[in-house]
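J.: The chain contents come next:
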Amino acid sequence: MTPAILTLVVLGAYPLVFIALAAVTESSLGRPFQELVGTATVEDVLGDADVVASLVRGVVYAVLVALVSVVLGVTTAVALWRSVRAGSVTRTLLLLPMITPPVVVGILWKLVFNPSGGLVDTALRFVLPGADPVSVLSYPVLAFAGIALADVWEWTPLIVLLVFAALIGQDTEVGEAAALDGAHGFRLFSSITLPAIAGTIGAAFLIRLVLAFKVFDLVYIMTSGGPGQATTLPAYVIWQAALQQFDVGRAAVITLLLAAVVTIVTLPVVAITRRLHND
Amino acid sequence: MTSTRSPFGRRSRGAAFVAGAAAVAMTLSACAGGAASGANADGDFSGEELTVLLISSHEGASEWLSTEFEKKTGAKINPVIVPYDEIGSKLALDQQSGANTIDVAAPWYVSLGDLAADGAIQDLTEWVDGDDDIDVDDFIPSIWEPYSQVDGKTYGLPFDGDTHVLFYNTEILARNGFDAPPATWDEYLEQTKTITENESANGVYGAAIFGQKSPLILGASFANRLAGFGGEFLDESGEPTINTPEAVAAAQALVDVNDYALPTPAETDFGAGNSAWFAGKVGFIENWTDLGVRSQDPESGSEVVDQWGVTFLPTGGDNTASRASLVAGFSWVIAANTQKTELAQEFIEWAASSEVNAKLLTELPPTGIDPNRILSLEDETYGTEFPEIQEANRATLDGALAWPTGENSTEAAQVLTDELAKLLAGEGGTAQETLDRVQAEWEDLFG
Amino acid sequence: MTASVWVVLSLLAALVPLAYLVSVSLMSQGQISAGSLVPTPPDWGNWTAALTETGLPRAVLNSVIGSLGGAVLTLVFALPAAWAMARHRTGGRSLAGLVLSPWLLPPIVAIVPLFTLLRVLSLNNTLVGLTVVYAFANTAVAIWLLEGFVRRLPVELDEAAQLDGAGEWRVLVSVVTPLLTPALVAVGVIVAVLNYNEFLFATFLTQGPDAQTVPVVLSLLLGERVQDFGKIAAASLIGVVPVFAAAVFLQRRLVTGLTAGAVK
Chain A
1 MTPAILTLVV LGAYPLVFIA LAAVTESSLG RPFQELVGTA TVEDVLGDAD
51 VVASLVRGVV YAVLVALVSV VLGVTTAVAL WRSVRAGSVT RTLLLLPMIT
101 PPVVVGILWK LVFNPSGGLV DTALRFVLPG ADPVSVLSYP VLAFAGIALA
151 DVWEWTPLIV LLVFAALIGQ DTEVGEAAAL DGAHGFRLFS SITLPAIAGT
201 IGAAFLIRLV LAFKVFDLVY IMTSGGPGQA TTLPAYVIWQ AALQQFDVGR
251 AAVITLLLAA VVTIVTLPVV AITRRLHND
Chain B
280 MTSTRSPFGR RSRGAAFVAG AAAVAMTLSA CAGGAASGAN ADGDFSGEEL
330 TVLLISSHEG ASEWLSTEFE KKTGAKINPV IVPYDEIGSK LALDQQSGAN
380 TIDVAAPWYV SLGDLAADGA IQDLTEWVDG DDDIDVDDFI PSIWEPYSQV
430 DGKTYGLPFD GDTHVLFYNT EILARNGFDA PPATWDEYLE QTKTITENES
480 ANGVYGAAIF GQKSPLILGA SFANRLAGFG GEFLDESGEP TINTPEAVAA
530 AQALVDVNDY ALPTPAETDF GAGNSAWFAG KVGFIENWTD LGVRSQDPES
580 GSEVVDQWGV TFLPTGGDNT ASRASLVAGF SWVIAANTQK TELAQEFIEW
630 AASSEVNAKL LTELPPTGID PNRILSLEDE TYGTEFPEIQ EANRATLDGA
680 LAWPTGENST EAAQVLTDEL AKLLAGEGGT AQETLDRVQA EWEDLFG
Chain C
727 MTASVWVVLS LLAALVPLAY LVSVSLMSQG QISAGSLVPT PPDWGNWTAA
777 LTETGLPRAV LNSVIGSLGG AVLTLVFALP AAWAMARHRT GGRSLAGLVL
827 SPWLLPPIVA IVPLFTLLRV LSLNNTLVGL TVVYAFANTA VAIWLLEGFV
877 RRLPVELDEA AQLDGAGEWR VLVSVVTPLL TPALVAVGVI VAVLNYNEFL
927 FATFLTQGPD AQTVPVVLSL LLGERVQDFG KIAAASLIGV VPVFAAAVFL
977 QRRLVTGLTA GAVK
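Protein chains in written order, with our numbering: chain A, 1 to 279; chain B, 280 to 726; chain C, 727 to 990.
Possibly wrong hints are sitting among the right ones.
[Said to hold, decoys possible] Partial pick of chain B residues on the chain A-facing surface, computed with a CB cut under 8 Å:
| # | residue |
| --- | --- |
| 1 | Gln375 |
| 2 | Asn379 |
| 3 | Asp393 |
| 4 | Lys492 |
| 5 | Lys701 |
[What the hints assert, rightly or not] Counterexamples of contact, computed for chain B against chain A with all Cβ distances above 12 Å:
| # | residue |
| --- | --- |
| 6 | Glu511 |
| 7 | Ala551 |
| 8 | Asp576 |
| 9 | Asp597 |
[Unchecked claim] Ranges between beta-carbon positions, derived for each pair:
| # | chain 1 | residue 1 | chain 2 | residue 2 | range |
| --- | --- | --- | --- | --- | --- |
| 10 | C | Leu735 | B | Trp343 | 26 to 36 Å |
| 11 | B | Gly708 | C | Gly771 | 42 to 52 Å |
| 12 | C | Pro935 | B | Glu642 | 50 to 60 Å |
| 13 | A | Leu21 | B | Glu657 | 16 to 26 Å |
| 14 | A | Leu21 | C | Glu894 | 32 to 42 Å |
| 15 | A | Ala271 | C | Val899 | 31 to 41 Å |
| 16 | C | Glu885 | A | Arg275 | 27 to 37 Å |
| 17 | B | Glu327 | C | Arg784 | 22 to 32 Å |
| 18 | B | Asp585 | C | Gly771 | 20 to 30 Å |
| 19 | A | Leu67 | B | Glu706 | 24 to 34 Å |
| 20 | A | Val270 | C | Pro935 | 38 to 48 Å |
It is worth saying that the hints were derived from the structure and are not from the lab. Computed from a predicted structure; not experimentally measured. We treat Cβ as the ideally placed atom computed from N, Cα and C, and that holds for glycine.
All chains should be built: construct the whole structure from the sequences, respecting the hints.
T.: This is the structure in structure tokens:
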């Protein structure tokens, strides 16, 4: 059995070793590992205000998207759990965004935001006839929000699913006993239900955070990172460096920096989740 | 990082070109009658296959080329179609990994230097110099040089000329009281503004501006204005000159028209811009000359048949002579590790010939190919069917603005595009500040 | 009451964008730019075009084969590893976490070594090659998910089997695997969906209609010189049919599989 694990570790480590080596060498797409440059690339990348800004932007984006997804997801899961009428058909329909390929999600929201005749534009003109065309993806803040919205739409169902499963899996006796003691409504929920599913919510937040840090397809399809740098998220910068500029060394350094950033952001979440699980 | 990049001498455009042409001519005369590399005298390659990497815009052309080449030589062409922003990296990966599935490719000419530095494409100098059938002198000089040369060596043969010219919708202009297209970028701005103010309520705008953050798209819109204002990317000695007054004026012209363009420039890519043009929703669009062929083809959905005109790109500032701008443009290259060099040479020599270029110009459905040779530009059928486009394309004969093509050029183009996108989004300060930053980065990249 | 209202609202939020995509797929270019929301009359031309002009049917077939093949291979790799980790405390949860760590990063730079790996295997630009890459790419996630199921199996079961003299592999194949079938199906479905939706590897590791998958064909449509939004919408919908069908038929499995990883 040990060889099986060993093989997996090697295969998992192979890309990591490649990235680490590329980060300290002059590496182009065609010719990796040309010569050792030490930390020169790291210094170069850290001195690039656009890259640093994209990492900061990535953190803001991931935290924002994860928070919104978790709030909406938990609310929906609880509503599903409470709602008598919601059956498995409802649950299946709610899952659809999550299994839609990200490329299609990007196309879909690009069409929704299309300034000439898209859903948002048409709806707003219906409310305000004669208004100028609305173009969500051409203003920096709105474009950022637009990508975030598509991302929230795509992955909130995952939170719903995880939390809903935790809700139906919890110990019903505890809740019934508390209800007999006179706990009702919000108090019952906040004192009994919420603690029981807190660990799951923490884990769901963690998964959501990581998915948001990795987002690439939506940016690629919807905005190409624009307008300006507004939606240039870390994965897009890495793609640009490696596959547009052929600079694999630089891409590897940004990947490692992103790894550090993701670790720093997720560590507290991991710690909190652990504690919630143990309580 | 920068210190480890090998410095490379940029060719100087004017003088070096003349010298280069002379050298080529001399070599040609020296080798006249000598054995060309097409050792297969009967040109029969039956049963052989050639894998050709192309961007999705060239899919139509690839079908025509495959059919005709098989008829001619018996060799089967296996086209591999990829999105336009992936062709260079796909070729480099294919060669670097040793997969070596690609024999021939038609990448953006700006990536030639990087592909050569990566060892992904062959140095064709010896072959091209020794094969007078290629008829280098017939290539439009302003296209030949950037599309084939890096540091004095030949790495490609021109495939798709791809200069931009200004198309205008005659009906929209007439409705708004303009009887002639603009000659300067100021007039262009004025007309665009008028049309948008009058008709945007009906979904009609003065201009479609390619503004999506890609070197081939937003970069093209800037290059068109840079050409008009008489600027250059690099000077004669290869030093960046991207923050000259001409360049700043060009960037500012782009900023000025941004508010009056088809919403919204930041999202407008080829597809969105061209669709608006064919639907008769925009007064102006800067585009490849082949747009006209498709505009006349109701089969492919054009609603502007006989309602359009085409003219040279406007000028600006002190410059009064219109210059072509080689914005996109694609070259045939041979993959470094192909085992089929001979067949690959046969193919690209044929595909870059004036006969093939002329055929592709007028083929229906439109192939999207523009002239790159004098003979095909002056082709009779082309002149009869599309006299206006032909005239507009003649702009390339008087010299054209080309992107840098040496090592790091793709990165340089990306840097410029990113900064321009910030400028248009109001994040980059003034046009001068934006281009000062680009200049500094370019000095590193081309240092 | 409020709960039901919220459920209805979230259903609308999930479905209205998809319904709009259906609507666009039935419109002509003129109707789209005129801002129609409902196509009158519906124009099925886009669907015909998407089916006949784009090579989409082949891409759907490629996607289905690649994603299912990748999922099966992933399970073959992941089950022994998950079992060993859970049973022998090989590294425990921290090793599972370590195995999972590459998954935390965008896989873009990994394309270069993967490309080389495929060349060594002579599988460049083949559907088999892409399938192998998918199998490796998701093994970590599969181990992570499966480990939770394995730990829930009663230890006595395989201890008893081993006392009977059965070797480790025999216990795994004849005792553990049958017991874990529901979990394997669940994890398999998740991995298959992840494979089906993957874009970046697919676009760089395949070329030509023989191996290109649905997301790649869609991205090529976006790169055309004249974008036909109606056709792109129709093609997108055709492309999602297999995953939506999987969701409808396997919703229950999907739920158990996804929850196993986080709820343990």
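J.: Determine for every hint whether it applies to the structure shown.
T.: The hints, checked one at a time:
1. Gln375: Hint holds; Gln375 (chain B) Cβ to chain A Cβ min 4 Å, cut 8 Å.
2. Asn379: At 13 Å from the nearest chain A Cβ, Asn379 (chain B) fails the 8 Å test, so the hint is violated.
3. Asp393: For Asp393 (chain B), the interface hint holds, since the closest Cβ of chain A sits about 5 Å away, which is under 8 Å.
4. Lys492: 4 Å, holds
5. Lys701: Holds, about 4 Å.
6. Glu511: With a cut-off of 12 Å, Glu511 (chain B) remains clear of chain A, as the shortest Cβ separation is near 22 Å.
7. Ala551: 9 Å, violated
8. Asp576: It holds; Asp576 (chain B) is separated from chain A by about 23 Å at its closest Cβ, greater than 12 Å.
9. Asp597: Holds, since 31 Å exceeds 12 Å.
10. C:Leu735 <-> B:Trp343: 26 to 36 Å: 53 Å, violated
11. B:Gly708 <-> C:Gly771: 42 to 52 Å: 48 Å, holds
12. C:Pro935 <-> B:Glu642: 50 to 60 Å: Distance hint for Pro935 (chain C), Glu642 (chain B) is violated at roughly 23 Å.
13. A:Leu21 <-> B:Glu657: 16 to 26 Å: Violated - the Cβ-Cβ distance for Leu21 (chain A) and Glu657 (chain B), about 54 Å, lies outside 16 to 26 Å.
14. A:Leu21 <-> C:Glu894: 32 to 42 Å: 36 Å, holds
15. A:Ala271 <-> C:Val899: 31 to 41 Å: 39 Å, holds
16. C:Glu885 <-> A:Arg275: 27 to 37 Å: 33 Å, holds
17. B:Glu327 <-> C:Arg784: 22 to 32 Å: Roughly 25 Å apart at Cβ, these two residues keep to the hinted range, so it holds.
18. B:Asp585 <-> C:Gly771: 20 to 30 Å: At roughly 25 Å between Cβ atoms, Gly771 (chain C) and Asp585 (chain B) fall inside 20 to 30 Å, so the hint holds.
19. A:Leu67 <-> B:Glu706: 24 to 34 Å: 25 Å, holds
20. A:Val270 <-> C:Pro935: 38 to 48 Å: 44 Å, holds
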